[in-house]
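**Q** Please arrange chain B on chain A, whose structure you already have, making use of the hints.
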Amino acid sequence: MRRRPVLWGLAALALLFLLGPILLMVPVAFSSGDTIEFPPPGLSTRWFEQALDYQPFLDALRTSLLVAGGATLLALLIGVPATLVIQRYRFPGRKAIETLFLSPVIVPELVLGFALFQQLMVTLRITALGALLIGHTVLLLPYAVRVTGASLAMSDPALEEAARGLGAGPVRAFFRITLPVMTPGIVAASVLSLLTSFNNVPLSLLLTGPGMSTLPVEMLRYVEFSFDPVVAAVSTLLLGITVVVALVTERLVGFNKVFSQ
Amino acid sequence: MTPVVQLKAVTREFAGTAAVREVDLTVTRGQFVALLGPSGCGKTTTLRMIAGYLQPTSGTILLEGRDATRLPPERRNIGMVFQSYALFPHMTVAKNVAFGLQMRKVPAAQIRTRVHEALDLVGLAHLADRRPQQLSGGQQQRVALARAIAARPAVLLLDEPLSNLDARLRVQMRQELLRIQRETGITAILVTHDQEEALELADSMVILDRGRVVQQGHPREVFRAPRTRFVAEFLGYENFLDLPGRGRITIRPEHVDVVEHDAAPPAGGESVTGTVAAVRFRGTDCVVTVDVGGQNVLATTTNDSLRAGSPVRLFLPLDRAISLTGTDSVPGDGGQGTPSLQHQQESPA
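In order, the protein sequences belong to chains A and B. Numbering that gives the first Met the number 0 numbers the first residue of the first sequence as 0 and each following residue consecutively. Numbering that gives the first Met the number 0 numbers the first residue of the second sequence as 0 and each following residue consecutively.
Just chain A, same shape as in the assembly (with noise of 0.2 Å):
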């Protein structure tokens, strides 16, 4: 290690890059002065109070996490039946039906936005709640087939043959084999869609409507008119969240399972 000094000085400035701005961040939210300053003239959580207290930001987290939890649900279950078939069969379109799962990350989240916006709310006269939800699903699949296909692809075939030669019929086999063996991809697919989507802005903002709005937006909406360091603090918990999340996972599964996959 100490013989690649420029190496280790380039990844340190990397690190640097990335985690300055966030770092930087923690501080003013726990400033006591009314405006995002820095460094903050004295400590305080009362932007933390402030943020906890108003409304719109509580009533928001309650749809970000109903949307994200939902939409995560909505997608694994399309889409690790999805994989499973695109991963276990061969058939004539298998190749066409992979892209087009996969599409969703390609096209221009704005533009996905918008199509939903027109069709969904426009035409079908569908709640934000809902809009949100389907566009939200949209967004996720790729991610749901793709990190669960890799899992699948990784485990032995043979695996489900072994288990129907011992005895196990067809929906057995599924259960105490595939279905087990597929679990560290689910839990990484679960976590990062639930991510992705909590922390989704361009597809939010287009199928957000009056009185329903996620938090990513609504704090958007926020710093257009105000510049006190609520923002900060909301950034601040939502950082911590992140880490939480990132630990269990660590915990429960390994990272090195869930994202070199």
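If you are wondering where the hints come from, they were derived from the structure by calculation, not from laboratory data. All residues carry an ideal CB built from backbone N, CA and C; glycine is no exception. Don't take every hint at face value.
Which chain B residues face chain A? A few, computed with CB under 7 Å, are given here [said to hold, decoys possible]: (1) A50; (2) Y52; (3) Q54; (4) I77; (5) F81; (6) T91; (7) K94; (8) F98; (9) G99; (10) M102; (11) D193.
**A** Same frame as chain A, but now just chain B:
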């Protein structure tokens, strides 16, 4: 006695091409049968049809006398060892072995003793609580074997079980496999491309070529009297000669006598003349390659004065020469006469 496994005119086509054609096979209780052939000969396809992972296009499969042609694998009472072992990664060794017993609704108390018995048989009782990933290849192989036999299936199916082991371990495991088969008396079908493995393990050898059974019998019988050039080459014979009046024969290099070019041929055999093309000195003897009218014949000799270009006479004792009476051509295949060299190259070493 009802055969444990019986195949009647089983054919399997993939996209119109037959991978297995009209194969008949009878396996009796306690027999150890080896399906042998180069890759693509249909041996694995045949095994997978017996296991129920593939359906025959036509023909009948009987297991213990019952028609099992359309039965799914879980209703066939088989135990299969996969080339990749296919151990369940999320279960301990003991749970892996217990799986088949649980599926057959064996009472829990009995499962414990039978798991122990099976692991004991393969010498791994002390590793019952490990995960498959924590075991070496050879140990995983044993667990796969224990899992396959724990539920005492009617037939043990082995799909190239030793091919992922290194050469030394492979030879050890052969003896181990044979011991376990003898101790349990289980009927076994082994798929392999390794003729040594088949010769050593099987009491019946079935050689397949392009989806057809070309010869079957006791390994000693088949080895002593290969019927076609393909079989002979696959079993390691290298010399092939067309003798006027005798047809095609094969003979092992150590049975060919190299004599003086002008020596009178001894009685009791054929003799041919040729020119030494190459000499390989091995210490106690030499292997000479002799060009006999365009065909290379290998012979071992203690005469170390031979050089490339020397004219020699080869004596082929008739009691050592094996007549190849069958032809390798497959009907509907263009009827090639001697396509076997190609096959030899296809087969993994």
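**Q** What are the numbers of the hints the structure violates, in ascending order?
**A** Violated: hints 3, 6, 7 and 11.
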